[in-house]
Amino acid sequence: MVFYILPDKNHVEKEKKYMMKISASLLACNLAQLALEISKCKKSGVDWVHFDVMDGVFVDQITYGSPVLKTVRSSTDMFLDVHLMVEDPTKQIKLFADAGADLITIHVESFCNISEVLKDIKSRGKKAALAIKPLTPIEAVYPYLHLCDMVLVMTVEPGYGGQMFIPETVEKISALRKVTDNLGMKDFDIQVDGGINEKTAVTAKEAGANVLAVGTTLFKADNMKAVCDELKKSV
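Heads up: the sequence shown at position 8 corresponds to 8 in the numbering used here, and the numbers run straight through without jumps.
Because the hints were derived from the structure by calculation, they are not lab data.
Positions of the beta carbon are idealized from the N, C-alpha and C atoms, including for glycine.
One or more hints might be untrue.
Said to hold, decoys possible - Dumping the calculated EDC-like pairs for lysine to aspartate or glutamate here, alpha-carbon to alpha-carbon at most 20 Å: (1) K220 x E198; (2) K205 x E168; (3) K178 x D149; (4) K233 x D222; (5) K233 x E206; (6) K21 x D47; (7) K126 x D102; (8) K40 x E230; (9) K119 x E168; (10) K127 x D98; (11) K43 x E230.
As the list claims (entries may be wrong) - Quick list of simulated restraints, FRET-style, between CB atoms: (12) K43 x T71: 16 to 22 Å; (13) G125 x Q33: 37 to 43 Å; (14) M20 x E116: 29 to 35 Å; (15) P137 x K186: 21 to 27 Å; (16) V202 x K178: 17 to 23 Å; (17) M164 x V57: 22 to 28 Å; (18) K21 x A221: 17 to 23 Å; (19) L183 x V57: 18 to 24 Å; (20) D102 x K232: 17 to 23 Å; (21) K199 x M19: 34 to 40 Å; (22) E198 x P143: 34 to 40 Å; (23) E198 x P67: 33 to 39 Å.
When you get a sec, could you build the whole thing from the sequences and use the hints?
Right, here's the structure in full:
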């Protein structure tokens, strides 16, 4: 007689819940070879592509817009994770949804009707997310969690790549994970962005994050795949 040991359901759910994903931040890549850089990401085991949009108002820098995203979409089937660091994202949602975004993140500090913009994103068949700056209390996102698939906790001040991870943001990650767990949101993603490397990835993971937006650590590495493997191994 053969006996089969069934996997513990809670263990399986926990593993699924905390499955780590790496989102490569194009802000740190060689834009002159954008298609090649994205291809390298896919071959290296990166899960998502992180597309930072800056308007020169919400943050000082200006980056790229929906026409560039449309070009990216035509060159890859990877999951496109769009982070809108813009003063008012209201009119941008259709543009980025049509350009091929899979997930669109807006800032809770933006000047717009947060609920309506999140609903607009979801009505277009896209995942919706809220980002929060380091100095904004995490409680600011709680009223909107039911409209979100993810919250992005900025672990640096938005606007510039290559900054150092801010340790004080860890408490916000922990508090948010505790709230989403208590609400029964088992598949809820918490992303961290800024200063992510093999060491800070562990800190973020232990606090409850499961999506790492990684820029400099990936794109400046001699061997992107080795770094990607090490990041996943470390967490």
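Consistency of the hints with the structure:
no.: 1; hint: K220 x E198; in the structure: holds, 14 Å
no.: 2; hint: K205 x E168; in the structure: holds, 15 Å
no.: 3; hint: K178 x D149; in the structure: holds, 16 Å
no.: 4; hint: K233 x D222; in the structure: holds, 18 Å
no.: 5; hint: K233 x E206; in the structure: holds, 14 Å
no.: 6; hint: K21 x D47; in the structure: holds, 6 Å
no.: 7; hint: K126 x D102; in the structure: holds, 5 Å
no.: 8; hint: K40 x E230; in the structure: holds, 16 Å
no.: 9; hint: K119 x E168; in the structure: violated, 31 Å
no.: 10; hint: K127 x D98; in the structure: holds, 13 Å
no.: 11; hint: K43 x E230; in the structure: holds, 15 Å
no.: 12; hint: K43 x T71: 16 to 22 Å; in the structure: holds, 20 Å
no.: 13; hint: G125 x Q33: 37 to 43 Å; in the structure: violated, 31 Å
no.: 14; hint: M20 x E116: 29 to 35 Å; in the structure: holds, 32 Å
no.: 15; hint: P137 x K186: 21 to 27 Å; in the structure: holds, 25 Å
no.: 16; hint: V202 x K178: 17 to 23 Å; in the structure: holds, 19 Å
no.: 17; hint: M164 x V57: 22 to 28 Å; in the structure: holds, 25 Å
no.: 18; hint: K21 x A221: 17 to 23 Å; in the structure: holds, 18 Å
no.: 19; hint: L183 x V57: 18 to 24 Å; in the structure: violated, 34 Å
no.: 20; hint: D102 x K232: 17 to 23 Å; in the structure: holds, 21 Å
no.: 21; hint: K199 x M19: 34 to 40 Å; in the structure: violated, 21 Å
no.: 22; hint: E198 x P143: 34 to 40 Å; in the structure: holds, 35 Å
no.: 23; hint: E198 x P67: 33 to 39 Å; in the structure: holds, 35 Å
The structure shown violates the earlier hints numbered 9, 13, 19 and 21.
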